[in-house]
Amino acid sequence: MRTLDYQDVAQTLLSVRTREAGAQCASAHAARGAQTRVSVPHFGRFQSLALTLVLLASVSSHAATLVLLPFDNFSASNGARGEIAKRMETALTSRGWTVVSGDAIEPLLEKERVRYLDSLSNDIRARILAQTNASAIVSGSIYTWVDARESIVALSARMTNADGTLAWGDVAGLASRDTERILGFGRKSTAAAIADDAVVQLLEHFPRASENAKRVNGPRKPMFRSGPASFRDSEVKTTTNLVCVLPFDNNSKIPEAGRVVLDVLGVRLAAESGFDVVEPALVRQAALEAGIASFRGISTDDLAKLAEKVGTSLFLRGTIYDYIDSGSPQLQIEFSLLDVRTQRVLWASHHARKGSDYVGFLMLGAVSNAVSLTDHVIAEMLTKGSK
Amino acid sequence: MRPPTLIRMLGAIAAIALVARCGTTQQTRFLHANADLGAIRKVAVLPFDNLAQDRAAGDKVQKIFYLELLSLDVFEVTEPGQVNKIFRAGSSTTVETMGPAEMQKIGKDLGVDALFVGSVVDFAESRLGTTPAPEVTIQVRLIEAQTGSTIWSVSQTRSGAGVSTRLFGVGGESLTEAARRVVRMELGTLVK
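Those sequence lines, one after another, are chains E and L. If you use the working numbering, the first sequence corresponds to residues 321 to 707, in order. If you use the working numbering, the second sequence corresponds to residues 352 to 543, in order.
These are calculated hints, taken from the structure and not from any lab test. Each statement offered as a hint is correct.
Which chain E residues face chain L? A few, computed with CB under 10 Å, are given here:
(1) Ser619
(2) Asp621
(3) Glu654
(4) Leu658
All of these numbers come straight from a predicted model, not from anything done at the bench. A virtual CB, placed ideally from N, CA and C, is assigned to each residue, including glycine.
Just chain L, with the same shape it has in the complex:
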């Protein structure tokens, strides 16, 4: 017996949806074997390094990360003005070039248990026809202030347009929305 027309049509749409390349996400994660995440109560978010072409991408993503971290309501997060004050008073070294000793000092000055540092690797928008296709890659590390060592690290990429955008040309994701999703997924690996 042949299936009814409606079911066949739905099947065809589902097949097209599967075939169409949807927005992809790739993730790499590290968690230190001896990390005690439960002991971390107060954290600070240091300025993100920017490897993308958009000069403000580091600042934008850091603000998004800070906001999402606050929304989790798991850690007490240091006010960004205090972090800026420490960086302004100190040398002009970028976070990426800092060693464990410097991280320990910053942690002590801020009175926190751990420091979030990050890098924005990709932050650009390409177009597939008329639909936007964001390309976002963000790497984040959590550094224990007491030892200056990395206890958690994650890198996530989100690229391409979603299925509905490709098929129907609606609901395209902006760069900010894509960055927010990436940050949420990254933090999801730290806090269940």
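Next up, chain E with everything else stripped away, as it sits in the complex:
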């Protein structure tokens, strides 16, 4: 049996590099009708070792590049997107990543005619990653950017691997009152100042360039409070279930509530053991191909059609009854996990909470904004369901 040593690795890496160079050369010479020949030189042991280290360093720097897409902006502030992008780029760079964003990525998105920024289809993702030499894509949404006496900033972000799997995702929401310390000191009043803290909170578990990414679970339930009403069938397998999360029916008065719940649920469900979530771009593409115009009250027959295209028979759908962001936040949602193959509901949950439900010792701990409350509520529903 032949053992590969660093000399082999160096030769292999060099041949790959020269093939790429040769291909570029060949295409350049093709116009002139010239024939390009690339010869691979032979190296001594120490030269090979040095070359291996150089090439491996160049490969690892390739792996440490990521694409930062412009965030979807659901807030009323037009400047929020730029403010968050600036902070995200700085924070990611400080973690050792080379970030491709802004003007470097806009022409590519334009060329690919990307309409939805929350998730990219497989082929567009592959092309963008290839053109930017990046290994992952970070996308996100800004839900709230309120610059007032009680300023609020709420956002979420996710990192998607080249193969379309979720590598990392998290949610952050902060209000002025969350930044207060003892006796009211340290309170931040402007949205820009709160955004600094919100981005730090959002990226708390984001991997450094040299680390492996981990999915992040949501917050735990408050003490002395009953959990959500929940049912989970014993037939839900312990192995990984691929789940297609459908847009929720939104009965609240806030149009973006559906998107908040969908994003938070997608990120947190993927972090639960035993679940993987279908990329939203794939769901949109499948619905288009199946001729499904709306997911509201979608029939089981339509879901069966969709199942063939998304590659799973498990669909999670639900309803938002209350979503109140002004004053004390409130949320009431229900969801059910349906297996269209057997036409059975495998998991169902219903939960309602107010921000004040989380008040604990010394009247502290109330949840200040609807996005954070959504995160709490969904985490409780998932935790109860996974027991």
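Since the structure of chain E is provided, determine the placement of chain L on it from the hints.
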């Protein structure tokens, strides 16, 4: 001999707790004399009628009822999408106005032994000072698909705040929690 101070204090607290009007529940129940509940294996939950001011109350309570029914693990419950499909394809008649013949047809189409139908009569939250006091009344019927007749029916009301909420201002029950308790108590009369 006089009882120790601690015992007297505990006695006083217990007396206050009894005097304080706690959250009340009222129930009315009917079970057909010839009902064979053991023969019912597969059921469906039809959309609940809503008589409350909250426009979504019927849907909310139906979802809670469906969830609690699944949790009992006694019946095989039809997936709600199939029920919706039948209602969308049929006329726009509300469940409350349907006669036995229509119930029989729905039961046959869904392939079930019985149908749960319900009405949300009250679903509102009042306040006693700063504490929430939910008012919930839910009526539910079980209709035999073969005959279209009602074999079980229950109506339950839950109103007011609990003792601990009144005395100490903590642990107030939300509307959803109150509805869940009502549904559980109602189903408790059907399945022991």
